[in-house]
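Q: The residues making up each chain are set out below.
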Amino acid sequence: MKVVFERTKGLTNEETHYCPGCTHGIVHRLVGETLEELGVLENTVGVASVGCSVLSYHYFNCDMTQAAHGRAPAVATGLKRVLPQDRIVFTYQGDGDLASIGMGEVVHAAARGENITVIFVNNAIYGMTGGQMAPTTLIGQRTATSPQGRDIQSHGLPIRVSEMLATIDGASYIERVSTHNVKQVVRAKKAIKNAFKNQQEKKGFSMVEVLSSCPTNWGLTPEESLQWIEEQMVPYYPLGILKNSSVITEDIR
Amino acid sequence: MGKVLMKGNEVIGESAIQAGCKYFFGYPITPQSELVAYMAQRLPEVEGLFLQAESEVAAINMVYGASSAGVRVMTSSSSPGFSLKQEGISFLASAELPAVIVNIARGGPGLGNIQPSQSDYFQATKGGGHGDYNTPVLAPSSLQEIVELTDEAFRIADEYRTPVILLGDGMLGQMMEPVDFEVTKDNKEFQKDWATTGTVGDGPPKTITSLDLDDVRLEERNKQLQIKYKKIKATETKVECYLMDDAEVAVVAYGTVSRIVRSAIKRARDNGIKVGLIRPISLWPFPVEKIAYYSNKVKSIITVEMNAGQMVEDVRLAVEGKVPVTFYGRTGGVIPSINEVHEQILSMVNEVAK
Ligand SMILES: Cc1ncc(C[n+]2csc(CCOP(=O)(O)OP(=O)(O)O)c2C)c(N)n1
Chain A
1 MKVVFERTKG LTNEETHYCP GCTHGIVHRL VGETLEELGV LENTVGVASV
51 GCSVLSYHYF NCDMTQAAHG RAPAVATGLK RVLPQDRIVF TYQGDGDLAS
101 IGMGEVVHAA ARGENITVIF VNNAIYGMTG GQMAPTTLIG QRTATSPQGR
151 DIQSHGLPIR VSEMLATIDG ASYIERVSTH NVKQVVRAKK AIKNAFKNQQ
201 EKKGFSMVEV LSSCPTNWGL TPEESLQWIE EQMVPYYPLG ILKNSSVITE
251 DIR
Chain B
1 MGKVLMKGNE VIGESAIQAG CKYFFGYPIT PQSELVAYMA QRLPEVEGLF
51 LQAESEVAAI NMVYGASSAG VRVMTSSSSP GFSLKQEGIS FLASAELPAV
101 IVNIARGGPG LGNIQPSQSD YFQATKGGGH GDYNTPVLAP SSLQEIVELT
151 DEAFRIADEY RTPVILLGDG MLGQMMEPVD FEVTKDNKEF QKDWATTGTV
201 GDGPPKTITS LDLDDVRLEE RNKQLQIKYK KIKATETKVE CYLMDDAEVA
251 VVAYGTVSRI VRSAIKRARD NGIKVGLIRP ISLWPFPVEK IAYYSNKVKS
301 IITVEMNAGQ MVEDVRLAVE GKVPVTFYGR TGGVIPSINE VHEQILSMVN
351 EVAK
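For the record, the sequence lines run as chains A and B.
Its first residue numbered 1, the first sequence is counted upward by one per residue in the numbering used here.
Its first residue numbered 1, the second sequence is counted upward by one per residue in the numbering used here.
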């Protein structure tokens with residue numbers, strides 16, 4: 001019998017706890033496959049954050065450290081700075097974790113040109129705590145803490161994190177991708193691979209923002225959720241490479 | 001090398017380096033800033049790493065990351081910054097990661113001032129952050145003792161896989177004294193097979209976490225922590241007793257203020273008053289047994305602190321009402337004078353004689 005598709009060695013055999021239709025699982029697989037294909041699984045230490053992916057240390061088949069809410073880039077900094085040169089360090093964070101409580105840590109990790117890879121899952125909501133407004137929640141989007149829909153007057157405007165980080169000189173590779181169809185998932189894989197390669201080549205800070213679904217808290221079916229990403233999120237959060245510079249840390253360090 | 005004249009903050013830095021700590025993550029705050037500057041200068045010379053973090057929150061989490069990788073690592077701050085580190089310290093305690101955290105305390109609450117204070121005693125000794133945990137707290141009273149206790153702090157941290165607090169104040173941080181670094185050091189090697197350094201060459205993936213969604217398993221983790229704390233209490237309690245053999249009055253004081261108390265005791269002794277000093281060196285574990293022992297021998301106890309009365313609660317718990325325990329303290333960064341403390345000893349003696 002010919003094997004045509006196999007589970008990546010980058011993930012454990014554990015069944016994930018994610019809701020049906022949630023794209024966290026897809027992003028996990030893309031990261032796992034990347035680590036396997038680059039042959040760095042044994043040299044990698046991942047940092048799990050606080051959010052729905054808090055238990056990602058059960059799923060990634062490499063050494064994992066779990067960080068306090070928002071602090072994954074600081075924990076990753078500590079790891080990366082003391083581990084042997086050939087080690088790969090990544091964080092896996094949601095938008096509440098990275099763009100709200102942990103905004104300071106990610107900005108400064110980028111500013112230092114910290115040679116880590118950040119996987120940033122933007123689902124425009126706080127998933128784990130039951131669907132509250134995130135800094136990335138769209139105008140008009142109903143959440144538990146914006147029951148009438150997010151309005152500019154009281155809640156301000158959503159943050160485009162990738163664009164913001166791209167303005168920071170220390171950031172080397174920044175790309176925004178999506179998970180709403182197969183073509184986008186294939187592109188997301190390529191971006192994630194580029195980000196990890198960026199780290200292997202010691203180019204400094206890399207981040208891939210992945211637009212992701214949360215059917216449970218959006219109150220949509222899985223299919224509607226993918227559509228919502230495409231129709232609502234992508235126009236506000238345009239896809240593509242925002243930064244790809246190779247001049248950074250090699251000169252600095 | 002012999003004796004060298006240094007500032008307390010610098011002594012902490014050099015002692016840490018000599019204890020094998022090559023990694024430091026910090027953030028400037030008076031009165032500990034010389035320590036940050038010292039590490040920035042010295043660590044590159046020993047092929048270590050100094051990193052100025054964007055905040056105390058980031059610094060303690062960088063420590064968490066570095067400790068996860070199995071290295072000896074330290075951070076330092078002063079009171080407001082120490083408050084910011086508390087969530088991280090709770091995580092370190094739960095994930096059982098060794099680290100040394102220095103608090104060169106200053107007057108509070110709030111922004112307070114930059115004068116020396118002992119008002120972070122509760123925060124340091126009662127856990128400080130959320131959850132059921134304690135951290136060993138070592139409180140030196142001289143710069144030479146900083147050398148010994150910094151080495152001890154790293155040894156205890158590794159031995160028990162726990163964060164350890166080195167608690168001083170602005171006075172100890174800023175003063176200069178001659179110190180000798182050539183003292184007996186603990187050279188014990190620690191195997192850190194739990195560290196997340198990548199699985200290369202060492203089997204299945206390892207995880208460091210403080211999370212357990214299962215209540216029964218989390219209770220088990222708590223029980224294990226309590227067993228560890230019991231062991232620390234049994235083996236790591238440190239206390240100095242000075243002129244206590246024939247004492248009728250005991251003064252309990254630690255750190256900076258114990259130096260003033262010592263002078264006041266000498267003066268009282270010159271006047272024929274039988275008074276001695278009990279100086280807790282480890283504030284957690286607290287020297288309960290020693291104080292309980294002397295509470296059967298003395299007529300009264302005074303606790304002197306540079307706060308509104310914090311350690312006195314632990315003293316009273318240890319004394320269990322056997323003798324009167326009074327308190328004398330100054331707050332806001334004021335250091336009590338020898339005269340003031342001497343007066344307190346005299347009035348206590350008169351009170352007891354009535
Ligand atoms: C200090 C702290 N504050 C708040 C929380 C509660 N909390 C847990 S997860 C979370 C939000 C996570 O949302 P996000 O990062 O968007 O990830 P998602 O769950 O959507 O994947 C919050 C606020 C916490 N654990 N710690």
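One or more hints might be untrue.
[Said to hold, decoys possible] Result set (DSS-like, lysine-lysine): computed pairs, CA atoms no more than 25 Å apart in a straight line:
id: 1; chain 1: B; residue 1: LYS322; chain 2: A; residue 2: LYS197
id: 2; chain 1: B; residue 1: LYS206; chain 2: B; residue 2: LYS228
id: 3; chain 1: B; residue 1: LYS290; chain 2: A; residue 2: LYS202
id: 4; chain 1: B; residue 1: LYS274; chain 2: B; residue 2: LYS322
id: 5; chain 1: B; residue 1: LYS299; chain 2: B; residue 2: LYS354
id: 6; chain 1: B; residue 1: LYS231; chain 2: B; residue 2: LYS266
id: 7; chain 1: B; residue 1: LYS228; chain 2: B; residue 2: LYS266
id: 8; chain 1: B; residue 1: LYS126; chain 2: B; residue 2: LYS188
id: 9; chain 1: B; residue 1: LYS206; chain 2: A; residue 2: LYS193
id: 10; chain 1: B; residue 1: LYS299; chain 2: B; residue 2: LYS228
id: 11; chain 1: B; residue 1: LYS274; chain 2: B; residue 2: LYS238
id: 12; chain 1: A; residue 1: LYS9; chain 2: B; residue 2: LYS206
[To be verified] Which stretches of chain A does chain B cover? Using the computed rule of at least three CB atoms under 8 Å from a CB of chain B, they are:
id: 13; region: 132–141
id: 14; region: 191–203
[Claimed, not checked] Now the stretches of chain B that chain A is said to cover, found in silico as 3 or more residues with beta-carbon under 8 Å:
id: 15; region: 12–18
id: 16; region: 48–58
id: 17; region: 82–96
id: 18; region: 194–200
I should point out that these hints are in silico values taken from the structure, not numbers from a laboratory.
By construction, the Cβ of each residue, glycine as well, lies at the ideal position given by its N, Cα and C atoms.
Q: If a hint holds in the structure, say so; if it doesn't, say that too.
A: Cross-check of the supplied hints:
1. B:LYS322 / A:LYS197: This hinted pair is violated, its Cα atoms lying about 69 Å apart.
2. B:LYS206 / B:LYS228: It holds: about 22 Å lies between the C-alpha atoms, which stays within 25 Å.
3. B:LYS290 / A:LYS202: Violated - the C-alpha atoms of LYS202 of chain A and LYS290 of chain B are around 56 Å apart, more than 25 Å.
4. B:LYS274 / B:LYS322: Roughly 19 Å separates the two Cα atoms, so the pair holds.
5. B:LYS299 / B:LYS354: Holds, at about 12 Å.
6. B:LYS231 / B:LYS266: Violated: LYS231 of chain B and LYS266 of chain B sit about 36 Å apart, past 25 Å.
7. B:LYS228 / B:LYS266: Answer violated: LYS228 of chain B to LYS266 of chain B is near 39 Å, above 25 Å.
8. B:LYS126 / B:LYS188: violated (29 Å)
9. B:LYS206 / A:LYS193: Status holds; Cα separation ~24 Å.
10. B:LYS299 / B:LYS228: Violated. LYS299 of chain B to LYS228 of chain B sits at ~35 Å, over the 25 Å cutoff.
11. B:LYS274 / B:LYS238: holds (24 Å)
12. A:LYS9 / B:LYS206: The hint holds at about 16 Å.
13. 132–141: This one is violated; 0 residues, fewer than the three required, reach chain B with a Cβ under 8 Å.
14. 191–203: With 0 residues close enough to chain B, the hint is violated.
15. 12–18: Since 0 is below three, the answer is violated.
16. 48–58: holds (count 7)
17. 82–96: holds (count 4)
18. 194–200: This one holds; 5 residues, not fewer than the three required, reach chain A with a Cβ under 8 Å.
The structure shown violates the earlier hints numbered 1, 3, 6, 7, 8, 10, 13, 14, 15.
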